[in-house]
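Protein sequences appear in the order of chains F and U.
Numbering of the first sequence is given in this note's numbering, commencing with residue 1 and proceeding in unit increments.
Numbering of the second sequence is given in this note's numbering, commencing with residue 1 and proceeding in unit increments.
Calculated from the structure, these hints are not laboratory results.
Straight line, CA to CA, 20 angstroms or less: simulated DMTMM-like cross-link-like pairs of lysine to aspartate or glutamate:
(1) LYS376(U) to ASP400(F)
(2) LYS376(U) to GLU430(F)
(3) LYS200(F) to ASP262(F)
(4) LYS369(F) to ASP374(U)
(5) LYS376(U) to ASP431(F)
(6) LYS344(U) to GLU430(F)
(7) LYS376(U) to GLU422(F)
(8) LYS200(F) to GLU265(F)
(9) LYS53(U) to GLU71(F)
(10) LYS401(F) to ASP374(U)
(11) LYS401(F) to ASP341(U)
(12) LYS413(F) to ASP296(U)
(13) LYS200(F) to GLU230(F)
(14) LYS379(F) to GLU52(U)
(15) LYS413(F) to ASP326(U)
(16) LYS344(U) to ASP431(F)
(17) LYS354(F) to ASP262(F)
(18) LYS379(F) to GLU327(U)
(19) LYS344(U) to ASP400(F)
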Amino acid sequence: MDKNPTNNILDEVTQSEYKFGFFTDIDTEVAPKGLTEDTIRFISAKKEEPEWMLEFRLKAFRHWLTLEQPEWAHVEFPKINYQDIIYYAAPKRKKELESLDEVDPELLDTFNKLGISLDEQKRLTGVAVDAVIDSVSVKTTFQDTLAKHGIIFCSFSEAVRNHPDLVKQYMGSVVPYTDNYFAALNSAVFSDGSFCFIPKGVRCPLELSTYFRINAANTGQFERTLIVAEAGSYVSYMEGCTAPMRDENQLHAAIVEIVAMDEAEVKYSTVQNWYPGDKQGKGGVYNFVTKRGMCKGHHSKISWTQVETGSSITWKYPSCVLMGDHSIGEFYSVAVTNNYQQADTGTKMIHIGKNTRSTIISKGISAGKSNNSYRGLVKILPGATNSRNFSQCDSLLLGDKCGAHTFPYIQAKNESSIIEHEATTSKISEDQLFYCNQRGIDTEKAIGLIVNGYAKEVLNKLPMEFAVEAQKLLSITLEGSVG
Amino acid sequence: MQQQLPLDSMLKEQYDTHREELIARDIPTVTNLRDKAFAAFQKSGFPDSSQEKWRNTSIEDLWEDTFEHQIGIMKSDRNVEELFRCEVHNFDTEIVSLLNGWHVKNDGDMRTLPDGVIMGSIQAAMKVYPALFEKHFCQICDENPNGFVSINTAMMQDGVFIYVPDGVVAEKTIQIIKMIDRKEQVFVQTRNLIVLGKNSQLSLMHCDDSINQQSSLVNTVTEIFLDENASLELYKLQNLNDQSGLVNSTFVRQMASSNLKTNTLTFNCGLIRNNITVNLDGAGAHADVLGLYLMDKQQHIDNQIQINHNVAHCTSNELFKGILDDEASAVFNGYIYVARDAQKTNAYQNNNNILLKPTATINTMPFLEIYADDVKCSHGATIGQLDQEAMFYLRSRGIAADNARLLLMYAFAADIINHISIEPLRQRIDDMVKKRLRGELSVCDKCILHCGAPEKQYHFDIDLSKL
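The whole structure should be built from the sequences, with the hints applied where relevant.
Okay, structure coming up:
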């Protein structure tokens, strides 16, 4: 890690736009455009799924048909034509892969470009990666090491094949297909994703990581992640994502479910860098994601950390349902919007068990002509006695054409809980800039410094590899917004 | 004329059949506005819980009762003189009274006070001061008002009109007393228009009271215009019986360097909804929007405070505090909107709540929507209970638990009370809060500020030397 990240960042700031915007020409197998029961049967058949899985999908699809796309978020976009999307795209594979040598070299190249080496050399960094391109999991590394500890970390389809009981038990238990419009859509058409199971008392020795990439044109990406942490276990899970630069908008509607049993701890980190569209706001990914963790057991803990820099529209609320007594939910977020990006993001903390605690730290940075909203719910139910919540939502405005909004919803239904919420909105103060200038730091650098300091509280919560990446991303996203 | 129809259908029918009677005393502008507002109401009806702003306040329950709504004057069964025997000690006010929504003509429809302040019935004002009236009437309320505001405009009959001419500083506080006294369940609409000219100054007290134990539904719309450098202090006292519903919509438009200070004190009411919208339309305008609510039993209060910073260099400060006992529920939705280019805005918003029983609930939503960068906006919200350490401190000094609780609650409320700048009123409110916290304040059979009983000092039974 560079000793002085700020210098590096500014170098990068001066060059890059969206550096992950390339497109890899690999043979792709796609489903026909449009969404009908046939599409779902096609996807299910492609994935050689058992009957119960198809049933689940169809139930979700039929429910989805009865729903309307929600409109309450503080974002604007043209109506999505759900019949104009390809719901399944997969890199063509000829046979089951045995080793990395058999992976399409183009594909390997893609991941190398992204800085995600699937190579075994990555062993040194101690990160196990599950790479999902378009809709299909391409390769999961380190499965042997993990297997030794009894940890299951594989693609979702593999899990359906090899661990149907676990999938049946937990899939949809946190985010049921009836949850919302996009959850229903995902449940109907999801193509792949990651599955992770940490057995009782095991502390996962590696950071687990999933990398998502949309490659093919006109496709939507609908992946699904399920993490189950049994009693006393621990896992740190990271997620990253990129997409090519395209003029049309692409839809990404994912579901992440986490279940934490007694005294288990799950740390989920995201660096979201989908293509945000160009400077005129053309193109970009619609990121409509449902993420929820269930603290099922007592003393369990789920912690969400997210750095949101990409996507033309972000609409996501990683949430915690604190069911077990003494369980803990945390949410740390930095959301940056520039140009015409729109973000409506935040969290939900539902306190059900006694003595549950939650912390929300959200830092929004808006620049250009973007709009950045924090929307969060803290709900304390009558049974959640002696619960505690602290929320802090700060917004930083860079430029006079952007907007920063805060929409907290706080509901308390018992008298023994304490809830505190505070929020501030401001710009970078002239005093701070002056102080830096006066000491020979030019304005551009000073802003980089101040923004990083502002976001530090959240960045510190990220695993190290991600923290460096996130710092760079922050600066790149804000490039040209200063002045 | 009692009709067993749902309120909205009844109103629609009334408007259709009695339109001529309604518009008989109108000037043409008002008739036009009525028709437009009625068309809007026909489309929207009363709001329901599917609307975001009404999600946490169910007014459906109100519709279970049937209300009487009269086009003509509703008489009281009691002696009007006696009802308004109203005074605060050492506090001399000019009184304008509304009984069942109608202006009580003690001194004629309009009167001019020695200092130049004009006040009286809104019905009369539209003919006596048509230019002034037309300039402001219906110009300050929302462009897309909710059903309550629309129907109020459509069916408007009477209310209070106050005009403080340029440069006039009102000597006495004006007190608007609104009482409901009917044997039937009534639906009452009142409409107020308050205009302050340049460099003028006024303090105003607005009391909502009910006299008997019958349920009533009061729908009030108040429009307030503050011209340049005008200054208004507005105290709202709400003390209705547990069966009553009150929907209060106040719209304020502030021009440059004007100053608004409102204090909404809610002591008692079955269901209460306060919509306060302040538009800061001139540089240097400042608004203080404060409130205190002390609810118990199954009462419900909903405060919706919207502050629009439409131009640069304005400041606002919002503070609402509430204590909820029994099964009471409260909603607070603060909304600060800072328009593009409204630079150098400084806005603060705070909502503090204390819950006393496991069954009390609170929903607080302090929102910020900001489109300018050189601003300082912050908000805070807390929900908690009485500080256990402070309790322990008091108990350890020999103060009984009940008294200690009272003292702490009173201290919590004092933050708001201390902002009242008219001393006799402050003392009076102070007493009322103490009484309310002790559960001794029921709906007065007289005006809220004159409780019939001889002056009695309220104090805590605490030996202060022990502290």
